[in-house]
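J.: Sequence:
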Amino acid sequence: MSIPAYWQEHLEKKIKQIKNMQAEIGNDCVSFAMITDIHWGCNAHHSGALLTRIMQECNIPYFFNGGDTFSGPAFCSKEYIFQEISEYRQAFAEIEERCLLAMGNHDALYKQDHYPPTQGEKNITKAELADHYFNFLKKYPNRTFGDDAYYFADDSDKKVRYIVLNTHAVPSDEVDENGFAKYNSFRLFLIMEEQLQWFAHVALDVPSPDWSVVLCSHENAATRTPKHR
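If you count the sequence shown from 1, position 46 lands on 46 in the working numbering, and the numbers rise without skipping.
Don't take every hint at face value.
[What the hints assert, rightly or not] Straight-line alpha carbon distances no greater than 30 Å define the calculated DSSO-like cross-link-like pairs of lysine-lysine that follow: (1) 159 - 139; (2) 126 - 19; (3) 182 - 158; (4) 138 - 158; (5) 159 - 78; (6) 138 - 78; (7) 126 - 158; (8) 126 - 182; (9) 19 - 182; (10) 159 - 182; (11) 14 - 182; (12) 138 - 13; (13) 138 - 16; (14) 182 - 111; (15) 126 - 78; (16) 139 - 126; (17) 158 - 139; (18) 16 - 159; (19) 126 - 138; (20) 78 - 182; (21) 14 - 126.
[To be verified] Restraint ranges, calculated between C-beta atoms of paired labels, are given here: (22) 42 - 15: 35 to 45 Å; (23) 192 - 12: 23 to 33 Å; (24) 96 - 209: 39 to 49 Å; (25) 34 - 209: 35 to 45 Å; (26) 118 - 89: 25 to 35 Å; (27) 171 - 83: 24 to 34 Å; (28) 183 - 20: 43 to 53 Å; (29) 143 - 194: 33 to 43 Å; (30) 141 - 118: 26 to 36 Å.
It should be emphasised that the hints constitute simulated quantities derived from the structure, not laboratory data.
Idealized CB from N, CA, C, for every residue including glycine.
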C-alpha cells in the first residue's frame with residue numbers, strides 16, 4: 001500500500017532523526033519499533049506501509065505490536081474478526097518476519113446481539129486465536145515459546161532479549177448458560193501462574209549478566225538490564 005503525500009515530509013524527518021541517533025550511538029545502538037492499538041476496522045490502513053518504510057530504511061530488526069490489532073466493535077461476527085486479521089497481515093506482510101505480537105483485550109472479542117455493554121460478549125477460542133493470529137510467528141527462527149501468546153526472541157549480536165507476555169490469558173474457553181464467555185478476555189487482565197513461572201525461570205534466564213531485556217505486554221512496555229541470571 002502506498003504512503004499518502006501528506007505523510008512524506010514528516011516521515012522523512014523522523015527517519016533522518018532515527019538515523020542520526022543510531023550514528024551518534026554507534027555499534028552499541030539497539031533499535032526496535034513499537035506500534036499498538038491499531039484497531040484495524042477504525043484505522044486508515046497506512047500504518048503497515050509507514051512502519052515498513054521506517055524499519056527498512058533504519059535497519060530495525062524487530063517491532064512490537066502491542067495488541068488491540070482488531071477493532072473489537074460492539075457488534076460483529078467471528079468472521080468479521082478473521083477478515084480483519086487477513087487484511088492486517090497483508091498490510092504488514094513485508095515486515096511480518098520482524099513482528100513480535102502481543103495479545104490485546106479487544107483481539108478475541110465479538111458480539112452479535114444488542115445486549116447491554118457488559119453482556120452478550122463472546123471470545124474467539126484459544127485454538128482459533130492460535131490458528132488465525134499467532135501461529136505465523138512460528139514460521140520464523142529465533143523465537144522461544146512458552147505458549148502461543150507468550151514467547152521471546154533473541155538478538156545475540158546486540159545481547160538483547162525481547163519478551164512478549166500475555167496479560168489476557170484466560171483459563172479456558174468455557175461459556176455460560178447463554179453461550180457468552182465465562183472468562184472474558186476483553187474484561188480480564190491477568191497472568192496465570194504457569195506464565196509467571198515461565199517468565200521468571202525461562203524468559204529471564206538470559207545467557208549472561210551483560211544481556212538486556214525488553215518486555216512488552218498490552219498493558220505495559222519496559223526495558224531493563226538484569227544484574228544476575
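J.: For a quick check of understanding: which of the numbered hints are violated here, in increasing order?
T.: 2, 3, 5, 7, 9, 10, 11, 12, 13, 21, 22, 23, 24, 25, 29 and 30
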